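Peer 1: Could you put together the complete structure from these sequences and hints?
Protein chains in written order, with our numbering: chain A, 1 to 324; chain B, 1001 to 1316.
What the hints contain is simulated information worked out from the structure, not anything from laboratory work. Treat the hints with care, as some may be off.
[Unchecked claim] Simulated restraints, written as ranges between beta carbons of each label pair:
(1) A:Lys199 x B:Lys1311: 39 to 45 angstroms
(2) A:Ala191 x B:Ser1047: 39 to 45 angstroms
(3) B:His1090 x A:Ala190: 19 to 25 angstroms
(4) A:Ala192 x B:Asp1048: 25 to 31 angstroms
(5) A:Ile171 x B:Pro1278: 30 to 36 angstroms
(6) B:Arg1041 x A:Ala190: 18 to 24 angstroms
(7) B:Met1149 x A:Ile171: 55 to 61 angstroms
(8) A:Ala112 x B:Gly1015: 57 to 63 angstroms
(9) B:Val1125 x A:Ser160: 55 to 61 angstroms
(10) B:Ser1047 x A:Asn198: 25 to 31 angstroms
(11) B:Arg1304 x A:Glu203: 47 to 53 angstroms
(12) B:Arg1304 x A:Ile171: 31 to 37 angstroms
(13) B:Leu1240 x A:Ile167: 51 to 57 angstroms
[Said to hold, decoys possible] Cross-link-like lysine to any residue pairs, in silico, SDA-like; alpha carbons within 20 angstroms at most:
(14) A:Lys194 x B:Lys1114
(15) A:Lys199 x B:Pro1209
(16) B:Lys1091 x A:Leu184
(17) B:Lys1040 x A:Leu193
(18) B:Lys1040 x A:Pro174
(19) A:Lys194 x B:Lys1040
(20) B:Lys1114 x A:Pro174
Since we're looking at a predicted model, the values are computed, not measured. Yeah, the Cβ is synthetic: ideal placement off N, Cα and C, and Gly gets one too.
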Amino acid sequence: MSSGRKYSFSDALFSSTFIHNPVLIQAAGLCAIVAVATTLKTAVLLAAAFFPVLIITQVFACLALKRVPRWIRVAIYLLIGTAIIAGIIYAIDTFVPEISLGAGIYLALTAANSIIALHCEKLAVKTDLRHAFFDSVATALGYAAVIIPVGALREMIGSSTIWGADIKVPITYPAILMPFGGFLVLAFFAAALKALINKRFPEHSAETEMKIKKTSVIISKKNLPENAAPAKEPEPEVENESVEEESPEAPAPEETAEPEETAEETEKDDLTHFEPLDGEGKFDLSQIFADDDDGEDKDYGSAFNRLFDEAKDFDSDEKKEGDK
Amino acid sequence: MLAAPAIVSWYYYGGLAFKAILTGVISAVAVEAAALLIMKRKLSCLSDMHAVFTGFAIAMLLPATAPVWLIGAGAAFAILVAKIPFGPAHKAPFVPAAAGMAFLTVCFPGEVFKYPAIDSASFDVFDAGSSLAAQLSAGGIQHVNSVGMMSMISGNVSGALGTCCAVALLGSCALLAVGKPKRLFNVLGFLTVCSLLAVIFPRGSFSRPVSLLTELCAGSLLFSGIFFVTDPGTSPKHPLTRFIYGAFAGIICMILRYFGTFEDGTCFGILLANAFWPIADSALRKVGYHKFIEKSMAKRAEKRKQKAALKGGEPA
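Peer 2: Here you go:
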């Protein structure tokens, strides 16, 4: 961050593998895990294939794609991923022809994994090489750390084997091999990780992060040139108020000084993840939002934010309806 | 409420029914108690009888000769996966018993649909494909005709433990009307849509009245409609919304019955209805339904106030 400490690999491990685990917290790249990670072998294969794809793509994006417009960038990620995966599949078919059958189309789909697009777009094209490389390795580790236990567990419960060897489980539940079983296992893993984070690192739990992000969005909106440019003072204030009304836990508009402090506090430990390279040494979400033209995927928390707000509305409606 | 089908199942299957129900209830309660202890929650959560209901319902949906481990597995899945992670019973997004049944159906379709022939002495004769639902999905009109209307209504056909006897289920429906009349709207919506669909689109070469009767009696349609659609955790609260929710669940269940792989897909229908209801609800909201409901509620509240004022005014 603004303090001159270098971004180390343990920072990346903590942030990208654990706190922002690509699968369990960011809910990206689920397709392969849910559909095909039914045995330990395929899980290991997918995890191994994911390492070169993510690392090479992210490093390339960081080195060469910073000035390329966004709509071309995403296509280039796909092309790089496809090229690497094609090589891997060719190698597997030549040297170990008996493995690749299980992974099928999903090995090829690794090239189009949403984790790649997410991390390249949100991080690699905005930071230096060191940061991008560490993040890619840590993210791939996070992916492997989820897919391998999931594959092993599903193989044990679903088909009573492990790495193809028979272990005698009295009752097998073949339903766990279906995609819904994968979702169930993932859900329990995600719940466990969330519980761990909430207990050990309460400052990083998703809800507080959402709050921080929301308040920092409110703050950064004040500083945005688009809002400041029209020279009409009341308008941005009205917008800010409406944003604050949407988030029920945000403080009253007069106390905007307090959330600034909380945002700054958390800057110091975790949100290095989101630091833009060419920012003025200060974490500011407006940098990330600035080039989001479509605004579809604003940041990691936005989809959940929306879900939460909708759920709250839904609940309050139900309460209004109830019992009268 | 579950007493009526339980008594009928005891009448038909004797001790087997008692054993199955006891297994279901005990395993569900034990699993929930263990989970609550591990998670350090209060054991008093058990007193809402939801675990008892879940185990009971799973036993009722399985054949009378279901092995202990099958009932136990279903109850354990229902409690551990569909209930405990979401906190107290009224917060579960899916009906736990339906989830447990769906899990069993996917895992062990052979065991779940292995109904004993009801007229055999010790229930060790298994008559494959003799249940009404199986015949319906196979389109076997002759066998259905030979069953006879009376035995169809009274549950004298092979099938799951507590779902066959339509009379008993309607009896518990009447109990519902006395005890919790609001929940009747769910059942009404569900059964209206199901019977309408059964009349409009009869399966095979059934005549329309026969189709109506067999569709309603076959499988767990009535049971699910009375016990699962009315589940207080997943159901909306306003009477009209309840009716719409029931109808929504009915449509999904009937579609699954017509096109599903398994002979009885009602549990999946209930789960899908649970899952898609928030979307349907937001669609309703876009149409302006919620405003309409709020307005009508406000009007009613005003009327009540006026009445109360009148009543208060008269004695003064």
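Peer 1: Each of the hints needs a verdict: does it hold here or not?
Peer 2: Cross-check of the supplied hints:
no.	hint	in the structure
1	A:Lys199 x B:Lys1311: 39 to 45 angstroms	violated, 55 angstroms
2	A:Ala191 x B:Ser1047: 39 to 45 angstroms	violated, 25 angstroms
3	B:His1090 x A:Ala190: 19 to 25 angstroms	holds, 23 angstroms
4	A:Ala192 x B:Asp1048: 25 to 31 angstroms	holds, 26 angstroms
5	A:Ile171 x B:Pro1278: 30 to 36 angstroms	holds, 34 angstroms
6	B:Arg1041 x A:Ala190: 18 to 24 angstroms	holds, 20 angstroms
7	B:Met1149 x A:Ile171: 55 to 61 angstroms	violated, 40 angstroms
8	A:Ala112 x B:Gly1015: 57 to 63 angstroms	holds, 58 angstroms
9	B:Val1125 x A:Ser160: 55 to 61 angstroms	violated, 31 angstroms
10	B:Ser1047 x A:Asn198: 25 to 31 angstroms	holds, 28 angstroms
11	B:Arg1304 x A:Glu203: 47 to 53 angstroms	holds, 49 angstroms
12	B:Arg1304 x A:Ile171: 31 to 37 angstroms	violated, 56 angstroms
13	B:Leu1240 x A:Ile167: 51 to 57 angstroms	holds, 55 angstroms
14	A:Lys194 x B:Lys1114	violated, 42 angstroms
15	A:Lys199 x B:Pro1209	violated, 61 angstroms
16	B:Lys1091 x A:Leu184	holds, 18 angstroms
17	B:Lys1040 x A:Leu193	holds, 18 angstroms
18	B:Lys1040 x A:Pro174	violated, 31 angstroms
19	A:Lys194 x B:Lys1040	holds, 18 angstroms
20	B:Lys1114 x A:Pro174	holds, 18 angstroms
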